[in-house]
Every structure is written in C-alpha cells, then in structure tokens.
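Engineer: Chain by chain, the residues:
4 protein chains.
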Amino acid sequence: MDQTTPSRIEPGPADGGTGWRHWLYVNLHTQAWPGSGLSPLNKAIAVIIVVAVVMAIVQSEPTVLRGREDLFRAAEMVLAVIFLAEYAGRVWTIAENPAFGEGWRGRLRYMRSFTAIIDVIVLASLFITLMGAEGTILRLFRLVRIVMLAKLGRYSTAMLAIAQAVRDRRYELLMSLAVAGMLLLVSSTLLFLVEGAGQPEAFGSIPRAMWWSVATLTTVGYGDAVPLTILGKLLAGLTAITGIGLIAMPTGILASAFSNALQEQREAREKEIVDSEPS
Amino acid sequence: MDQTTPSRIEPGPADGGTGWRHWLYVNLHTQAWPGSGLSPLNKAIAVIIVVAVVMAIVQSEPTVLRGREDLFRAAEMVLAVIFLAEYAGRVWTIAENPAFGEGWRGRLRYMRSFTAIIDVIVLASLFITLMGAEGTILRLFRLVRIVMLAKLGRYSTAMLAIAQAVRDRRYELLMSLAVAGMLLLVSSTLLFLVEGAGQPEAFGSIPRAMWWSVATLTTVGYGDAVPLTILGKLLAGLTAITGIGLIAMPTGILASAFSNALQEQREAREKEIVDSEPS
Amino acid sequence: MDQTTPSRIEPGPADGGTGWRHWLYVNLHTQAWPGSGLSPLNKAIAVIIVVAVVMAIVQSEPTVLRGREDLFRAAEMVLAVIFLAEYAGRVWTIAENPAFGEGWRGRLRYMRSFTAIIDVIVLASLFITLMGAEGTILRLFRLVRIVMLAKLGRYSTAMLAIAQAVRDRRYELLMSLAVAGMLLLVSSTLLFLVEGAGQPEAFGSIPRAMWWSVATLTTVGYGDAVPLTILGKLLAGLTAITGIGLIAMPTGILASAFSNALQEQREAREKEIVDSEPS
Amino acid sequence: MDQTTPSRIEPGPADGGTGWRHWLYVNLHTQAWPGSGLSPLNKAIAVIIVVAVVMAIVQSEPTVLRGREDLFRAAEMVLAVIFLAEYAGRVWTIAENPAFGEGWRGRLRYMRSFTAIIDVIVLASLFITLMGAEGTILRLFRLVRIVMLAKLGRYSTAMLAIAQAVRDRRYELLMSLAVAGMLLLVSSTLLFLVEGAGQPEAFGSIPRAMWWSVATLTTVGYGDAVPLTILGKLLAGLTAITGIGLIAMPTGILASAFSNALQEQREAREKEIVDSEPS
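Chains as they are written, first to last, in this note's numbering: chain A, 1 to 279; chain B, 1 to 279; chain C, 1 to 279; chain D, 1 to 279.
What the hints contain is simulated information worked out from the structure, not anything from laboratory work. Even for Gly, the Cβ is constructed at its ideal location relative to N, Cα and C. Some hints could be false.
Here are the simulated DSS-like cross-link-like pairs (lysine-lysine), alpha carbons at most 27 angstroms apart as the crow flies [unchecked claim]:
1) K233/C <-> K233/D
2) K233/B <-> K233/A
3) K271/D <-> K271/C
4) K233/B <-> K233/C
5) K271/A <-> K271/B
Here are some of the chain A residues that sit facing chain C, going by a computed Cβ distance under 10 angstroms [said to hold, decoys possible]:
6) G221
7) G223
8) I247
Produce the entire structure from the sequences given, and follow the hints as far as they go.
Structural biologist: If you want it as structure tokens, here you go:
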C-alpha cells in the first residue's frame, strides 16, 4: 500500500495535459502522488494550514492581538490568497484525471465532489472573516482541511484500526454510556435530596446536582460543588467509587476489541503463510 | 434472534380475540411483536417515558418551575392518563396470549406478573405525586419502565455481555474492592494521626479523613480537604499513587474478562462452521 | 476444595478429645471445618471483628465519643473478653489436631505458630488500649484478623489470581513506577524553575513542587497548587497528558497479565478434557 | 542472559593487564561483570548517585539549605571527587577490554564512546555547580547516570517489553493523541465562546480556555477555572465524558499490545519445546 506503484500516476499527457499541469496535478491531489505519504507541495500546504490554525488560536487572545490587528489582517489575506490559489490549482489540474472527464465538464464534476465543497466552505469562511465578521469558529474550519490531508498511509491504517475497534463494540460502549447516564441521574437525584436544602446554589435541583455528579463520576472533581453533610459525603464517596467502574468499563471493552483486531490480523497473516507454502 | 419468526405472533383470533384487540396486543407487548426491536406504539411510549423523566428532572429546578406549576401539573395529569390507558390496554389484550389463559382469569394472572406489578408501582407513584406529595424520587420510578422496555435485541445482547464479564470475574472485582476498602481505612487512619491535630475539621477523626481518602484514591481530588504537613503530603502522595493501582486493577480484570468472552464467541462460531462442513 | 470431605474432620475422640472439645475444635479452627466457607462460630467472630473495627473508626470522631466514653470502654472490655475466650478456646482445642501433638506440648507448639502469635499481638493491643494508651492504630490491628479469616475458598482463589498477575508482571510494573518517578522529578524540577519565584509557597523548591506534580500525574488535581505563568501552564498541561500514559501503562500491563492467566487456566482445562477422553 | 557465562570475563592478564587493574575493570564496567546484576562496586556507585540526586532535590528547599550551605558544598565536593575517580578508573581499566584496543589509543576510543561522553557531561555539570552557578538542572543530570546503570538484566527486559509495546502501537497512540488534540481545540474554542465574556480571566481566549480544557480532558480538574453558565457546564460535562474516552483509548491500545507481546513470547516458548522433542 505504501509502496510506489507506477499505476498511481495517471497517464496525464496522453489525456491532453501539458507537462507543467501534470506536475501540478500530481503534486496537489494526494491520491495522484505516486510515492507514499504527501507530496512536497502538499506538505507545505499542511504546514500553512497548521500555521493558520495556530494563528486563529493565538489571535483570540486580546493581549496578543492588541496593536497587531493590521499584522494579523495582512497574514489572513496572504492565507486567503494561498488557499484560493490552491483551490484554483486543484480545479484546473483535475482535467489530468480521466475519472472526472475532460475540460470544464470534468472540472465542474470535481467541484461538486465532497472534498471540493469542503474546500469552498473553508475558503468562504476565510473571506467572511476578512470582511469583518467575528470569526473564531469560522477560522477553525481550517482544521477540517488537516483531517482531510491526514487521510494517508499508516496514520490512516491506525485510524481505521481505532475506528474499527470502536465500531465492533459500539453496542457495549453505548450500553456503558447508558449505565453512566443512569448513575448520573440517580446520584444527582440523591445529592439533590440530601444537600439541596443546605446548598441551594450547588444542589438546589437535579440539573444543578448533575454538574457535581458529572465532575465526580468522571473523576475530574473540580471541587466547586462539594457535599457538606455526612449522608451527602457518603453518597458522594459511593458515586466516586462507581466512577472508577465507569472508567474501567469502556477501557476494558476497548482493550478487548483492540486485542481481538490484532489477533485476527495475526491469524490472517499466518493463514497467508500457510496457503503460500508448497504442499 | 432478531429475525422475524412467525411463531412469535400468537394465534390470537382462534383464542377468541378480535382483530383490533389482536393488533393492540401485538403492539403493546414487546415479546409479541414479530419484527425486531420495538413496535411503533411501544416506541411512542418509550418517547413519552423519556419526556416524563426529563420533566421530572427539569421540574426540580425552582427557576424553571416558578410560575409554571399549573403547566407541569397538567402535563403530569396527561402522562398519568396515558400510562393508565397503556396499563389497561396491556391487561385487556393479554387474553390474546394463551400462556396466561383465557378471560379475566388470565388477566389476573398477568396482573400478578413481575412486569405488571412494576407498572402498577410506577402508576401509583404518578398518582401519589399528583395528589400533592413531594415526589422527586417517585417521579424517577419511571426510569424503571425504560429499563424494562430496553430489554431488547442488540442492546440486550451487549448488556448481557457486560453483565457476563462482570459476573465471570465477580470474585476478583470484589477482592479489588476489598483491597480498596483496606487502603481507604489505612490511609485515612494515617492522615487522621498526622493531620488530625492541625486540621480538626477535615482530618479530626477517621470518618472525616475518609472523605479526603475516597476523593484521593478515586483520583477525584476535590481539594476541599488537603494535607498541610510534609509527612501528610508524603502519605497523600503515596495514597494517590496507589489510587492509580486501584483504577488499573478492575480495568485490567474487566478487560481480560471481555477479551475472554469475545474469544469464546469466536471459537464457538468457528466450531459451528467446522461442524456444518460436509465431511 | 469446596466440597465436604469427611477426611477433613480430625479423628478427635480417638485422640482423647471429648465430644464438646471436638465440636469447639471443628468450629474454631477454620482449616478443621468440614464444610466450605466459615463455621457458624467463626462467622459470628468475623461479625464481632467487623463491629470492633467499625467501633474503632467511629470512636475516633470526638462528636460521637463525647459523653459516651464509658459506653465505648465497656464495649471494648466485652470485646477483649470475647477475643481472650476465643484465643483460650483455640489453644485448648488444638489438642484435637494430631499435627501439633498431644496435651500442653502440642498447645505450646500451636502458640508459637504464626496465626497464634498474630492473635496474641491483637489481644495485647486490645488490653493496652484498655489500660488508657492512645490506641487508634492498635485498635486497627484487628483488621489483620479479618484478613486471616478471609483466607478461604473462592475469595482466596481470586486473591491468588490477582497476586499472581501482579507477580508475573512485577518487573514491568516496577519499571512503569520508575518511569513515573522520573517524570515526577523532571516535572517538579521544571515547575520549580518556572513557578518557584512567583509562588514560593507552592513551588519554591523541588520537594514543594513535587506535591503539585504527584497530584497532577495521578490526575487527582486538588487545585491547592496551580501554575500561574503561561510557561508553567504549558508544562503542567504536558505533565497532565503524560499522567494519562502513567495510568494507561500499569492498566495495560495488568490487563494483559489477567488475560494471560485466564487463557492458561482455559488451556489447562481443555488439556484435562482431552486427556480424560477414552482413545 | 542472566546466567553466569565465563566468556563474559575478558581475558585480562593475557592482554597485559595487572591483577588489580583487571579486578577494577570487571567491577567498574557493567558489561564485564560475569554475574547477573551489578557488581558490588557499581551497586555502591548507584547508591551514591541516588544520594546525590536526593541531595540535589533537598537542597533546593531554602528552609533545609539555610545555615547548611557549607555542609552541602562539602558534600558536593566529595561527590565530585568520587565521580572523577570513577571516571578515571573507567578510562584506565578499559585497556583490559580488547574491543577498544591497547593503551591510550584504546582509552581515547573509549572516551569518545556515548557512555563516556555522558559521564563527562555529568562530571562537568558537577564542577560548574561547584564553581557557583545556579545548578538545579545541572545537578539533576546525575539522573542520566542512574538510567545508564539500570540498563541491566531483568529490568532491562521489562523496559524493552514496555518500549516494544509502545513502538508496536505508535501509530495508534499518536492517532489517539491527535484525537485528543482535536478535542482540546474544539472544547476550548466552545468554552471560550460561551464563557469568554463572563470570565475573561479564565476563558477570555482560546489559549486561556485550553488550560481548563487540558485539566478537564485529563480528568485532573484543578478547579481554578470552572464554567458558570448552564451552556458552559453542559459543554464541560460533555468534555469530561469524552475525557474518559481519551483515557480508555491509549489504555486499551497498550493493553492489547502487551497481551500480544506476551502471547508471542508464549508461542515462541511452545515452539521451542515442540522442536526440542525427539520425534
């Protein structure tokens, strides 16, 4: 899969593409790159996306932004131009790919593809923020681009393995979530009844007590809401101990799912070896 | 198990049932529904139960309830009528099920069944709260109904798998709970001896120190009780580190139990395949 | 092991024992009891030990003790008499056991056994506290007795399984403890250097910063010591994330050890079945 | 590996070494020691290194250092002399090892080896701190020495097993780290938007909200930054619950990797037994 297979280079020039357009096609479209991993151009784009995301994060901090508004605005503009050029490049060079068909008909088909629509949304968000809209969330849309570039090679296999393990055991995981929900409801109801009168702010209703209950069951334990009566502390202790079980359950489920996936892989490999042996 | 088996539809009309009563019977009694999952009517009832539980939660919040007492009371009455009608429907249509016998004799037998008694308790709790009693806990009895409706299909299999894993290793899990109890006692005694004099409110007795000890061993760490002396902090650090072990132990036990259950399922499947092959 | 084997009843009377002494012998010495589990008398003693431990815990609370000093003192005396009688009974009836030899020679040999010496220590602690010594720790010595009574049947098997899993992987577990120690040292040194000047109370030296570091690495997070500078928070965040790894490591090690132990048990069982089949 | 193999003693005297130099060589160089574990001299050096590290830790505490500056300085000097002597000894006796060649040529080759360069760095750090530089980090360089001495026997095998398990699943572990990073970004952005206006100090920008987010996702939960609005608490609760998943994922991955490594070891052992059986 990671090996260089020449068949992954589309027969560009025969398709009417020029040498330069073919070079750009192979460098921009991840699935057209003959080597494993990302092309140098896509690596550069990935770095620029990371820079853009970091900029979006940093720029939300007033002490950093103050006095540098113009600098950040200029940088945003540069980014907008780069991403626009990249999108234009992708649309122009897609004609090299016979799967989409020739000329503008093929380009229009590409523009209606899922990947290209995501690109347009990210681009649009960039220009909207440039026009002055409050754009923290819009800026973070760029993250989506990283996820899409990351669909590659070994990391993709690892992601699939994790996703497979989660999917294999989805009913068990949902069930342990349901058990967690029940515990949340029961413990917050009990604490509301026991501590509600004494601490109306923190335990004065079931929804209020739920805030404490979530923090306890997940073992986060902020400490902003804490029972004060003996009975309340007793119930809280029991909640904390069942919280351990809530952590143990999904962990155990996932561990067994990963173990299983691993063993199946090994067995498949062993079977291959046996089958390929001369008898 | 999830496949539609015609034998699951009871031979209603032959049993003296009308077409309408038979339709209601099949729709109300989960075990009589020929398809997999819940019947449309039972799905609607499940939604109503969820609404009732959410109402019970929301209604405990004074800022929500104030000025809307009549609204909530009306909604409670509607719910009471729906649940009463559902119960009446179940009792009336059970005559379709030959297992309980014909007519009122069969209906009385059904009313003495576990499921029907739970229904009556939940109904009773509804009417008691309507008559003015403080009913937070009574209202949450409805949760029991959801658990009973949930006894279905894949979720049921997942629940059984989790329950099986817990039961398989119940002695190991109880043992790690006993170890946790010992650690709780030892650490709270030590902290009481070391910090008791300096912080009588938080560590002035073993039961008081236990509150800190539970929060530390489960890694919740509220921070409302914290040792201040060097020796106390040293002991607290050791307690926190053993707390990690307390999380690791049940998780490891459950993970191995799930792994085991999975492997047995696979082996059983493989055996089936081998047995069904022509020799 | 749990089945009633008549051979476990020692041939008392032939050994010169009376019927009554034999009855007491079988009821007091757990290993002489023919059935599985504890004898009724030992069950009663276990309950009394639990009561004694609970009393020791409760009595450390001044609000409970105040005005009830005489009551607790009387209860302590009753307990002391019971435990003394039990010890005397054990020593007297051991003559029924041919393994220790006859008469007082056998009784002296029993009194030098590990179990009997523990009994004497617990008894001594009881009488010392009665004579007025501050005895919280002494009182908790009774816990040791529970541990000794618990050495029985299925719980013992479960305990052995857990102990075996821990022992099998002791080098890996010690190694992850060593890694934890290194991380503790590195993170507390860094936080001391970064936050030490600003918060001398909490981070003014490596030992001080260690308190924060333990609470963070174990994910307890009391919140009494928290970094305030940006660099400090960055390092603290990294510490918290490595803390997750510290929890994952021992859990994973233990899970694999339990899994392994389980599989070996199953294989041993399967081998037995295969071996016992007629060929 | 742990067994005493005579071939591990280099043929010193034949190489021109004296008896005394040979004894020192075998005692100082861990790989030359014929028995398993560390030589008595290296054990003593390990203890001295631990003392030096503890001294570095303790000495950072002003209340301990005050009035004892001369004492600590003297101890540091003694340590410097010991470590210098040890290094000189290693260099001098390396001539016993034919792998490095004879005389000063061999010694120079040894001095350019990784181990010896680390030794020089640690020594240099010692002398720099003695010359008055603020040397907390320099002092902790000694830890590196412990790590190097620890490369031995069973602990080394255990370390390798852990490292192997981590390396085997590095893509999955990095992937779950990436997922954690995404969640961190998403949750801190949402909390910044929801709580930023009300609590500018704690949630006034994405980087600020990240501090809360790290503490919540890792279930540390300091409690110094806590959402106050209902929507903020709802999002925080969801973050805490996904935090459980973040703990479960690496734990499950590592557990399956350890399990796998264990099974391969067992299979390798079984194969050995089968192969060695006479047919």
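Engineer: Would you mind marking each hint as holding or not holding in the structure?
Structural biologist: Taking the hints in turn, this is what the structure says about them:
Restraint check for K233/C and K233/D: the C-alpha separation of about 22 angstroms stays at or below 27 angstroms, so the hint holds. About 22 angstroms separates the Cα atoms of K233/B and K233/A, which keeps this hinted pair within 27 angstroms; it holds. With a CA separation close to 17 angstroms, the supplied pair K271/D and K271/C stays within the 27 angstroms bound. In summary, the hint linking K233/B to K233/C is supported, as the alpha carbons are separated by about 22 angstroms, within the 27 angstroms threshold.
Simply put, K271/A and K271/B have alpha-carbon atoms about 17 angstroms apart, close enough for the 27 angstroms limit, and the pair holds. The criterion of a C-beta within 10 angstroms of any C-beta in chain C is met by G221/A, whose closest approach is roughly 7 angstroms, and the hint holds. Evaluation of the G223/A hint against chain C yields a held restraint, the C-beta minimum of about 6 angstroms falling below 10 angstroms. A least Cβ separation of about 9 angstroms between I247/A and chain C falls short of the 10 angstroms threshold, and the interface hint therefore holds.
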